[in-house]
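Asker: Single-letter residue listing:
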Amino acid sequence: MRISTNTLYDTGTSGLLRQSSDLFRLQQQLSSGRRVLAPSDDPVASARALEIDQSKSMNDQFALNRRDATSALGFAESQLATAGDLLGTIRERLVQARSAALSDSDRKAIAIDIRAMFSEMMGIANSRDAFGDYLFSGYKSTTQPFSGSVEAGVSYAGDDGQREAQVASNRRLAISDSGNSVFMRAPAGNGNFSLTPDPANRGTAVLDSGSVSDMSKWSDPNNPGDFDVVFAVSGGVTTYDIIDNSSGNSLLTGAAPGGAPLPRVFLKGDTITLRSNGGSEPPFDFGARFSMTGAPADGDRVSMNISSAQSVFDTIGDVILALEQPASGDANALAKTSNAIGSAMSNIDQANDNLLTARARIGSRTTELAALDSLGEEVNLQFETSLSNLRDLNYTEAISKLTQNLSYFQAAQQSFMKVSGLSLFNYIGA
Amino acid sequence: MGTQLYNIGITGLNAAQAALVTTGHNISNASTAGYTRQQVILGTNDPQMTGSGFLGQGARVETVRRIYSQFLTAQVMEARTQSAEYDAFAEQIGALDNLLADEQAGMSPAMTDFFDAIQSVTASPTSLAARQSVISSAQAMTARFNSLDLRMEQVGDQINGEISGAVGEINQLVSQIARYNDQIAVAQSTTGPNRLANDMLDARERLISELNDIVRVTQLQQSDGAINLFIGNGQPVVVGGSAFTLTASPSIEDASRTEVSYTAPGGSVLRLQEDTLSGGKLGGLLSFRRNTLDLAQNALGRVALGIAEQFNAQHQLGQDLNGALGTAFFNTLSGTALPASTNDTVAAANVNVTISDSSELTTSDYRLRFDGANYTLTRLSDNVSWSAATLGGVPPAGSPQGFTLDSGATTLAAGDSFLIQPTRNAASEIRTVLTDPRMLAVAMPISTSAALANTGNGRISAGTVTSATGLPLGGAITLTFDATTNTFNVVGGPGGTLAYDPTTDSAGKTFTFAGQGGFTFDLSGTPRNGDTFTIQPNASGQGDNRNLLALAALQSGKTLASGTTGFQGAYAQMVADIGAQAREVKVNQSAQTVLLNRVTESQQSLSGVNLDEEAANLLRYQQAYQAAGKMIELASRLFDTVLQLGG
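Chains D and P, in that order, are what the protein sequence lines are. Those letters in the first sequence? Residues 1 to 430, by our numbering. Those letters in the second sequence? Residues 1001 to 1647, by our numbering.
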């Protein structure tokens, strides 16, 4: 083939240009460590990388959210632990206060002690987090949740809101608990029902906290859960009736309550069961009972209600007020104090249970956060590996390619010099 | 006889001299662009008839021939026009490709930062610093949208300038070519078809090749030596000695775009279809603008529009730190409808493009035409069209395009046409309008609670607000459980009852109050008779972050392109599209370069000058000249011999 001199030079230079642009590119890749320098180098990889970048940064953000959540939960947990300790101490004081050997002044001293703990409890319930927001006020984080006093009672100004955080791409976790659920919503009494002696009682009966022997019967929707046990003493015999307040009728007769003697006879230390004894009693069974020591007086009443929410502050406040009442030498007053202490103790047990449940919830969330953390780290590693595979340079390959290209480039330069140096004119006239 | 020998010697001298001159011409023009090597064609003179036969009379120069192949030259021109188109396309798309190459400079980190800032408020909804960071990062994101779009806009402006420049060059070249056509016709009419004006032909061919570098032209050789040139759909730009000019002017549809039109021989102006102007730099520019730039701008606009519309919608369902309902976070964006400059000026109709659902938007532009009775909307990406008798009927409800049209108080005249660009300007117009961090709607305006006196274990969820209807809530709504009928009696709000059977529904049952913010909540557990739950305005709910979680969830939601992709995905798709096109054109460009080199080599192999060959020719013709000189010397000596005989 005939070659024109122009072609000789053009081919030579364009070859050299192409090779030097290849070299430049390799050099750019090597200096940046990136295989993909612009989207056009690998459009699919760059789009994938953008999406993985977003997922990775979301994952990083979730890690931050988890860190915040862990610290918020940790803070709440420490407050609740203190509150639990406080309840434990109050309970010890109450055990002390129950002793029959104590004088009025001894009980007052204990009351003063418990008053201090009441204030401490208020402080915990009104505690704030690092941002100055109230910990236990639900959504109303700038409203002080609890206010009031022993005498006036304590009211809750927050709401039931529970803040959540996005801690993983498909997991939201509660990071706060409302004051309602922690301090206000403990079930009263033994957790199923509460026993309240009528303040006008004149006897010396002291109640235990009662118990449910058959849960399925007690939690039956047909259980009205609202009873009064009425005592009558006539002729030295103590009798009682159980009245269903929802209908107003006696459970024991099925009819309107009558006068003394009442259907059942009460002997000292007897257990009062909400179950038909057969005979003339119509069949009924709510699976619950309680017993009492001491002797009820004629017309004494004890009301028995299905548990509703009991505020821990009311519990403490009530027992403080009861302890401050003078009782020495008055058997009826002592019985009232005993009953108040007994009811407070079972309420405190329930409140403590409630706190423990809240702490267990926090604990399980914290555990989940830790598990999510290690999962998040694994995912992060995967993202980084994918990103690196998509974008990063294989140095070994690139360097060997560089060496290869350099030797091609040198060969092209040398051969171009040789070929372009050949000309017949060199020999003419020589 | 002596004279004859002299004469023959002289013809040899002349022939050798002509060959030497031509060789010299070739050597001198070895590197002249477009030069075709020439060769002297020698022939014998007519012989002298004698009784003993024909006696030769020496040599003569028949013609100087161009070593030329029409076929090879046409191949080179075609390869060059294609190559120039790829070069122009590659240069323009390279700018976009590089703009998106740095992930720190693209949209991606700005969008991620924005959503990260939102997430960081969840832990501390009352922190003004965290709220401010949401606004600041939103401002950074909108500014990034604006600047990316501005860069694309600048590319568009630059293309307008280059189109005007290219049209100027075309006009200059065609008039020069026409002049050469004239000169060649005159020159060759005197020499005849066998003796061509070689160097003028080369010069004209160089101009035609330059014209091909700008836009593809088709040639038609005329018998008088002229070449007629056509562009586009066959519009003649050179006919013999006359040239017709092109004009670059603002488009009828969109005044911000420069278009090419043609002034026909009769003087009428014809708008050239963009896709018929292929090849060369102009073809590359037009095709880049049509196939890449427009789509990239639309795609970027769609992401901006999606974020603005969807974020605003969710933000307006929330409640801010002051307890007021959320306001717009970004400005409200709408599409643009550009009236054609040929529209009826008396009616002066206006069309408004309102975005109705950003998730249905496409990246295409649309054309609206009114024929006096029907409105026809055509989607330009695939030419799907819809017709309706009312403007509100296009696009039809059955195939939503994410926008609705109306003409406000104006009425379209028959023949009016509009270019509808739903997303084109969104990226340049998006702004963050919320400036007060207290007004970030982090909470939801409705909360729930359970009464403390409840004795059952029924629960109500925190619930979500799903529509702006009936917000803010007029007052509290209480739900009281009636165990005998297994219903909740609703007081306030929609009233009535909600059926709830604890034995089957205790795992959770969902209810929605459509007229009360579309409030959706779950009831679960076993409530006892008389248990009450309250749904109330979320008064002083500063610590509530439910709306924020909903806003943050937009980041990973598939809320664009009919639910097939999210914001980041749509952006990544745009980057991938540009990357793929840039890659394609790079591949085409290098393939075309190889092709161009190959055909240039073939053409040069025939027509190019080889200096070694010319050096050899130089020696050859020098020797021929010397030989002819020797012949004259011999004739002289022969004559002397005759003279000596007489002496």
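Just so you know, the hints here were simulated from the structure itself, not pulled from any lab data. The beta carbon of each residue, even a glycine, is placed where N, CA and C say it ideally should be. Any given hint could turn out to be false.
[As the list claims (entries may be wrong)] Pairwise CB distance ranges (calculated):
#, chain 1, residue 1, chain 2, residue 2, range
1, D, Asn332, P, Ala1539, 46 to 52 Å
2, D, Ser423, P, Gln1039, 16 to 22 Å
3, D, Met117, P, Ala1451, 27 to 33 Å
4, P, Ala1388, D, Ala371, 54 to 60 Å
5, D, Arg18, P, Ala1388, 28 to 34 Å
6, P, Thr1485, D, Glu92, 46 to 52 Å
7, D, Asn170, P, Ala1095, 50 to 56 Å
8, P, Val1642, D, Ser423, 47 to 53 Å
9, D, Lys401, P, Gln1626, 35 to 41 Å
10, P, Asn1457, D, Glu92, 28 to 34 Å
11, P, Asn1457, D, Asp285, 21 to 27 Å
12, P, Val1269, D, Leu422, 28 to 34 Å
Asker: Could you see if the CB distance from valine 1269 of chain P to leucine 422 of chain D stays within 28 to 34 Å?
Answerer: Roughly 58 Å apart at Cβ, these two residues miss the hinted range, so it is violated.
Asker: Could one say that the CB atoms of threonine 1485 of chain P and glutamate 92 of chain D fall in the range 46 to 52 Å?
Answerer: At roughly 49 Å between Cβ atoms, glutamate 92 of chain D and threonine 1485 of chain P fall inside 46 to 52 Å, so the hint holds.
Asker: Confirm or reject the claim that methionine 117 of chain D and alanine 1451 of chain P have a C-beta distance inside 27 to 33 Å.
Answerer: holds (29 Å)
Asker: Can you let me know if the beta-carbon spacing of serine 423 of chain D and glutamine 1039 of chain P is within 16 to 22 Å?
Answerer: Taking Cβ atoms as reference, serine 423 of chain D and glutamine 1039 of chain P lie about 21 Å apart, which means the hint holds.
Asker: Please test the hint of 50 to 56 Å on the beta carbon pair from asparagine 170 of chain D and alanine 1095 of chain P.
Answerer: Cβ of asparagine 170 of chain D to Cβ of alanine 1095 of chain P: about 41 Å, so the range 50 to 56 Å is violated.
Asker: Is the distance from the Cβ of asparagine 1457 of chain P to the Cβ of glutamate 92 of chain D consistent with 28 to 34 Å?
Answerer: Since the Cβ atoms of asparagine 1457 of chain P and glutamate 92 of chain D sit about 31 Å apart, the hinted range of 28 to 34 Å holds.
Asker: For the hint 28 to 34 Å, verify it against the beta carbon of arginine 18 of chain D and that of alanine 1388 of chain P.
Answerer: This hint is violated: roughly 57 Å between Cβ atoms.
Asker: If I claimed the Cβ atoms of valine 1642 of chain P and serine 423 of chain D lie 47 to 53 Å apart, would that claim hold in this structure?
Answerer: holds (49 Å)
Asker: Against the range 35 to 41 Å, how does the distance between the Cβ atoms of lysine 401 of chain D and glutamine 1626 of chain P compare: consistent or not?
Answerer: violated (59 Å)
Asker: Given a hint of 54 to 60 Å, does the C-beta separation of alanine 1388 of chain P and alanine 371 of chain D actually sit inside it?
Answerer: holds (57 Å)
Asker: For asparagine 332 of chain D and alanine 1539 of chain P, compare the CB-CB distance with the range 46 to 52 Å and indicate the outcome.
Answerer: This hint holds: roughly 47 Å between Cβ atoms.
Asker: Could you tell me whether the CB distance from asparagine 1457 of chain P to aspartate 285 of chain D stays inside 21 to 27 Å?
Answerer: holds (22 Å)
Against the hints set out earlier in the document, violations occur for numbers 5, 7, 9, 12.
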